[in-house]
Structure formats: C-alpha cells, structure tokens
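Chains as they are written, first to last, in the numbering used here: chain A, 5 to 338; chain B, 5 to 338.
Derived from the structure by calculation, the hints contain no laboratory data.
The beta carbon of each residue, even a glycine, is placed where N, CA and C say it ideally should be.
Zero decoy hints are in this set.
Pairs of lysine-lysine residues, derived as DSS-like cross-links and limited to a Cα-Cα distance of at most 25 Å, are as follows: (1) B:117 to B:337; (2) A:308 to A:178; (3) A:324 to A:306; (4) B:317 to B:20; (5) A:304 to A:173; (6) B:265 to B:219; (7) B:304 to B:178; (8) B:219 to B:175; (9) B:308 to B:173; (10) B:64 to A:265; (11) A:308 to A:117; (12) B:93 to B:337; (13) A:219 to B:64; (14) A:64 to B:265; (15) A:215 to B:64; (16) A:64 to B:215; (17) A:265 to B:265; (18) B:265 to A:20; (19) A:111 to A:88; (20) A:93 to A:337; (21) A:306 to A:337; (22) B:308 to B:324; (23) A:265 to B:20; (24) B:93 to B:111; (25) A:64 to B:219; (26) B:93 to B:117; (27) B:215 to B:265.
Label pairs and their computed distance ranges (CB to CB): (28) B:16 to A:24: 51 to 61 Å; (29) B:215 to A:24: 32 to 42 Å; (30) B:187 to A:74: 49 to 59 Å; (31) B:283 to A:25: 53 to 63 Å; (32) B:64 to A:304: 33 to 43 Å; (33) A:287 to B:41: 55 to 65 Å; (34) A:187 to B:114: 54 to 64 Å; (35) B:72 to A:211: 21 to 31 Å; (36) B:111 to A:61: 51 to 61 Å; (37) B:291 to A:73: 54 to 64 Å; (38) B:39 to A:243: 31 to 41 Å.
Number of protein chains: 2
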Amino acid sequence: MSASENQQFRLASRPKGMPGDELWEQRNEPTPTPGDNEVLVATRYISLDPAMRGWMNEGKSYIPPVGIGEVMRAIAVSEVLESKHANFKPGDHVGGSTGVQTHAVIKGEELHKVDPAIAPLPAYLSVLGMPGMTAYFGLLEVGALAEGDTVLVSAASGAVGAIVCQIAKTKGCKVVGLAGGAEKCSYVVDELGADACINYKNENVFAGIQKHCPKGINVYFDNVGGEILDDALANLTQGARVVICGAVSQYNDMGNIYAPKNYMSLLINRARMEGFVVFDYQNRYGEAATAMAGWMGEGKLKHKEDIVEGFDKFPATLRKLFTGDNFGKLVLKV
Amino acid sequence: MSASENQQFRLASRPKGMPGDELWEQRNEPTPTPGDNEVLVATRYISLDPAMRGWMNEGKSYIPPVGIGEVMRAIAVSEVLESKHANFKPGDHVGGSTGVQTHAVIKGEELHKVDPAIAPLPAYLSVLGMPGMTAYFGLLEVGALAEGDTVLVSAASGAVGAIVCQIAKTKGCKVVGLAGGAEKCSYVVDELGADACINYKNENVFAGIQKHCPKGINVYFDNVGGEILDDALANLTQGARVVICGAVSQYNDMGNIYAPKNYMSLLINRARMEGFVVFDYQNRYGEAATAMAGWMGEGKLKHKEDIVEGFDKFPATLRKLFTGDNFGKLVLKV
Numbered sequence: 005m006s007a008s009e010n011q012q013f014r015l016a017s018r019p020k021g022m023p024g025d026e027l028w029e030q031r032n033e034p035t036p037t038p039g040d041n042e043v044l045v046a047t048r049y050i051s052l053d054p055a056m057r058g059w060m061n062e063g064k065s066y067i068p069p070v071g072i073g074e075v076m077r078a079i080a081v082s083e084v085l086e087s088k089h090a091n092f093k094p095g096d097h098v099g100g101s102t103g104v105q106t107h108a109v110i111k112g113e114e115l116h117k118v119d120p121a122i123a124p125l126p127a128y129l130s131v132l133g134m135p136g137m138t139a140y141f142g143l144l145e146v147g148a149l150a151e152g153d154t155v156l157v158s159a160a161s162g163a164v165g166a167i168v169c170q171i172a173k174t175k176g177c178k179v180v181g182l183a184g185g186a187e188k189c190s191y192v193v194d195e196l197g198a199d200a201c202i203n204y205k206n207e208n209v210f211a212g213i214q215k216h217c218p219k220g221i222n223v224y225f226d227n228v229g230g231e232i233l234d235d236a237l238a239n240l241t242q243g244a245r246v247v248i249c250g251a252v253s254q255y256n257d258m259g260n261i262y263a264p265k266n267y268m269s270l271l272i273n274r275a276r277m278e279g280f281v282v283f284d285y286q287n288r289y290g291e292a293a294t295a296m297a298g299w300m301g302e303g304k305l306k307h308k309e310d311i312v313e314g315f316d317k318f319p320a321t322l323r324k325l326f327t328g329d330n331f332g333k334l335v336l337k338v
Numbered sequence: 005m006s007a008s009e010n011q012q013f014r015l016a017s018r019p020k021g022m023p024g025d026e027l028w029e030q031r032n033e034p035t036p037t038p039g040d041n042e043v044l045v046a047t048r049y050i051s052l053d054p055a056m057r058g059w060m061n062e063g064k065s066y067i068p069p070v071g072i073g074e075v076m077r078a079i080a081v082s083e084v085l086e087s088k089h090a091n092f093k094p095g096d097h098v099g100g101s102t103g104v105q106t107h108a109v110i111k112g113e114e115l116h117k118v119d120p121a122i123a124p125l126p127a128y129l130s131v132l133g134m135p136g137m138t139a140y141f142g143l144l145e146v147g148a149l150a151e152g153d154t155v156l157v158s159a160a161s162g163a164v165g166a167i168v169c170q171i172a173k174t175k176g177c178k179v180v181g182l183a184g185g186a187e188k189c190s191y192v193v194d195e196l197g198a199d200a201c202i203n204y205k206n207e208n209v210f211a212g213i214q215k216h217c218p219k220g221i222n223v224y225f226d227n228v229g230g231e232i233l234d235d236a237l238a239n240l241t242q243g244a245r246v247v248i249c250g251a252v253s254q255y256n257d258m259g260n261i262y263a264p265k266n267y268m269s270l271l272i273n274r275a276r277m278e279g280f281v282v283f284d285y286q287n288r289y290g291e292a293a294t295a296m297a298g299w300m301g302e303g304k305l306k307h308k309e310d311i312v313e314g315f316d317k318f319p320a321t322l323r324k325l326f327t328g329d330n331f332g333k334l335v336l337k338v
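Whenever a hint applies, use it, and build me the whole structure from the sequences.
And the structure:
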C-alpha cells in the first residue's frame, strides 16, 4: 500500500442478520487531495463498535444510515499527511469519523487532536473515546448514579461496560457485572474491581442477580438487551434507573427483537428506563475526558484493547462484536 | 339492610383472567362497633378501579395483595354513623380505603373529610380522588409536561385519561386521545377539548398517530399497555416521556403480558419510560386538589361518573372496567 492508494470497505448491500463478507465491496482508489480547510490523513486504528450494525440498516435512527455504495462509517485515529487547515500539520495525530479506509480527506473542523504522549493511540478509541464518553454520561447523567447504589452492568468486560464498572466503583457503589465466560468474569472482578460477575453463559442470570443484589438494583446499565433485560427489570428497587445504552444481543435481528415483558416493573417500582445517544453530550466531552484522565492517573481506570491487525480483516473482525469473541475494546490496526 | 348488618364481598380465590362471580364470597356480618379513635361508617359510593385487578393477584407489587378470605380492598366515600375519634362526628362524609362492604370500622387517621357542598360525593372518587391525583402527578411530574407539547392519552374517556386530556389543554398542549367507539371519541373531543381522538376499535392506531401527531409525541400517558404502547413508542419525538400509569388491556393475563418490542425507540429518541404510584404523592394531594378545584371553578375541568346502583352488582360492575363498557369514572352506589 502506498500513500497514493486508498483502500476502502464500502457497503454493497444491507445485511440480514450477522453481517457477512458479501456485504462489502473492497475498493482501491487514488488517495484524494485535500482542498481548502481540509486535511489528508492516514488511518492508524479503526474503532469497531456495536453501533455500526445499526448504521448499516435502512430507516430512521439517531443518525442517517450508511448509504449503499458509501464507505462504511467508522471512528478512527489517524496521522496527518497533508494539511490545508491552520490547526493541523503533517505528523499530528487526530481522531474523527473518517470511515473504514486507509486514507481520508476530511474538513479540519471534523477532527480533534490526540496526543500519543498522554495515552497510546488505541486508548483514544476506548477510554478516552466514544466508549468512555458513553460510559461516563450514561452512568452519571442518564443513570443519575448516587453513592451506595447497586449497579448491574451487562457486557461488563466490553468497551463501555468495563468503564461503567470502574466509574461506579470510584463513586462508592456496589457493582455486579454480567459477562460471557470465566475469563471475562475474572477480569471484571479482579481487574475492574467489580464486587461480583455473573457468567451468563453457564449461570442462571435471574438467580445470580438475586444472589448478588439481594436488595435489588438501583441502576441497570444495559448494553445487551434480550432476556437479561427482563431479569434485571424483575429485580429493580424503588426509583431504579434502567439505562438503555445498547442491545448488542439483538442488533442482527432487529425485526424480531426481544421485547421486555417485565416492563410493568417500572410502575411497581416507580422506576424509569431511558435511552441516550452519546453525541448529545459532545460539548461536554472535555469535562469527561478530564475526569477520566484523572482516574487513569490515580490507577482507578484501566483499559484494555483487543487489537486486530490488518485492514483486510475488517469484515471478520466486525463479527466478533456480536459473537462475544472480542475481549476489551475492539480495534482494527491498519 | 339495617345498620346492624354489614354486607361484604370477600375474595374467595385468586382470579385467572377476567374476574368471575365465583371469586367472591358474599357475607353478612354484624356491624362492628368502633373502639378508641375509631369510626363506624356507612358506605355510600365505592370506587371501582383497574388497579383492583392487580390487588387480587398473588405476589410482590407496590402494596400487598388482598388476602384470601379478606374483604376486597376499595376506596369509598362514606357517612359517619358513630365516632370515637375527635375529628369526626355522625353525619360527616369521609373518604378512605374502607373496602367493598356496606359498613366499616376504621381508624380516624385513615379517613379524610369530604364536603358534599363543594362537589357531589362521587366526584371525590374521580376528579378530586385517586384518578384526579393520578392524572395530575402523572402528567405534570412524571410526564414533565411542557407548554406546546403534543400529548397522546390512552383510555382518554376514562377516569384518569379524561382528566389528563383536560389538564394538558389548560397547559397549552396539543392533545390526541385514544378511546373505544364513536361515542367516547366524540366525548373526548367535544366535551374534554382534545384536538383529536383515535377510535382504536375501528381505526389503525399507528396511522392515526401519524396523522394527528405528525411531529411525533412528546408525552404518551399510557393507561392501557398492549400494542398501542408499541404504536406510541414508534412515534416519539426526541426527549419524549412515556408515563406508565397502567396497562388495563393486560391486567387479566399478566402472565402473558404484551411486551413492547419498540422499546429501543427510547434509545434512538433519547426518551424515557417511567412508572409511578400515586400514593407516593400523598403529601402533595392538597396542592393538586386546590389546582383541580380552581380549574373546575373556571369550567376547564369536567368530570363524568358512571354510577351503577346496587351493592350486589359489584362483581359484574368490576368487569365493566376490562371490557371497555364503562363510560366515565366507574362508581358503585350502595
């Protein structure tokens, strides 16, 4: 690959179910040239997020879907090769929504600088990136976390869940995670500091919640949807908050989504279930990043990236998000 | 019936589905005598509420279930016959949870006076009673109503829904009701002042919502649950509030409840779904009653009671709540 060749994954058709290899058109184009106020970047790390599955579907959502034939949307960390924008110069590292491609030309306003001297580049896609912001605002704002709360977190070893667990611990809460497999559960307890972790693959989730949250759940941070959401709803305390961050167990079959039959627990418990989109907090990212960097400095906030090397591996790597095969924030190294 | 005879409906067994006549043991007992600080009352009007169906089920809820063999729980307006409590004297009218019986002995602290000179006695079971308080706090507190909101109300001609419609209109909102049948729909628009009413019995609810709420729903006040909840979820605006007040369409088959498959609309729209129990607002009932009485004085708040006469008719009258046959607040006149 040379700087004059831009490799891309374009969405060729809309997925049904698990996104297969056949959805993608791999195309090599000449690397574009930046115009006024634009910047040419070389992609270094591409963030793979469950939300990408939603962006591939047709229809109304919180942002427009990726069009057929378009480069797949993705957030990435890149290096500036050429700049016609006053804020950037070659060699700078930047984050932005530059897509699944090895190079991109993008307006300078749509990029922000990241500093590899402060944290390794992949961290800007995890704890200091969208997953970190999602955990911070979802837990503290939407979940209205209070000291002493019992917090249940699904996908607790995942990019968002791991940060939720740790922030909740810094706030003096009891934290119970849910993860798939003994290795992930050990990580959640031993590394992230959760009080317990339920292995949903071989434990009864309802019984596990009753055991570890005998007084009920104050905050359920839901990344997965499905039956686990119902188990959580059945164990709420009065005034509980259910934060709908995602439903990764359902993304490949949204037409046949698992509907939470215990929603009337919201009435009995005077509880609420609330969704959010992290982009709404964009003007407060600085506040979150400052807090997160502080906790990282104090050793209270660990992060783990699952880095897969090789741009060509994008289609297979994306699927790892939905099979539970990734462990930590999934990142593609270009 | 004499003052020495207390007729009662006691719960003989737990219902499955629609509550049949066989659930009840009708018993005549000697009228009890009040002890210190107690009051003997003669029941005048008994409130029939959808919540009663929930009280008949076993298991955890916001209040304990009615025990097998116990007098059925009900809120009623009564006349004091004999008082050993300083606050009450014979001839006073009082409200309280005195049950489905013609007489009751109850502690004075559990009663509150009502004044038939201010409003007819049944109004103390509707607009000035639990349904009125439910509408007031559900809409203004849980629903966080704002001027200019578009409000969708199910069971809009019912005891709670009718008041929700009218409060929302006094607050400068657009109001769309849902009711069963042309007569109820006319009432919702012509008498309650709603901007439109969808007849769910012969109209497509989803299409009706799209027609009458083209910009989406800011507040959905849900009394019914079921598919209509899904239709509403699919039409939320950003930041919408779904108030879970009840699910009367589901109360006779809670083991097989209709689960809202469109709950992920809460994420897309950064919306929330929240339940509440009116009893939590007990110390603020005075505030609500004052506001409601004010609106009644200005002619902005109408109320309609569906009064069935005859204590013996309790079992059949209760079923009217679940067949949609009542029209207005359902009250049994003793």
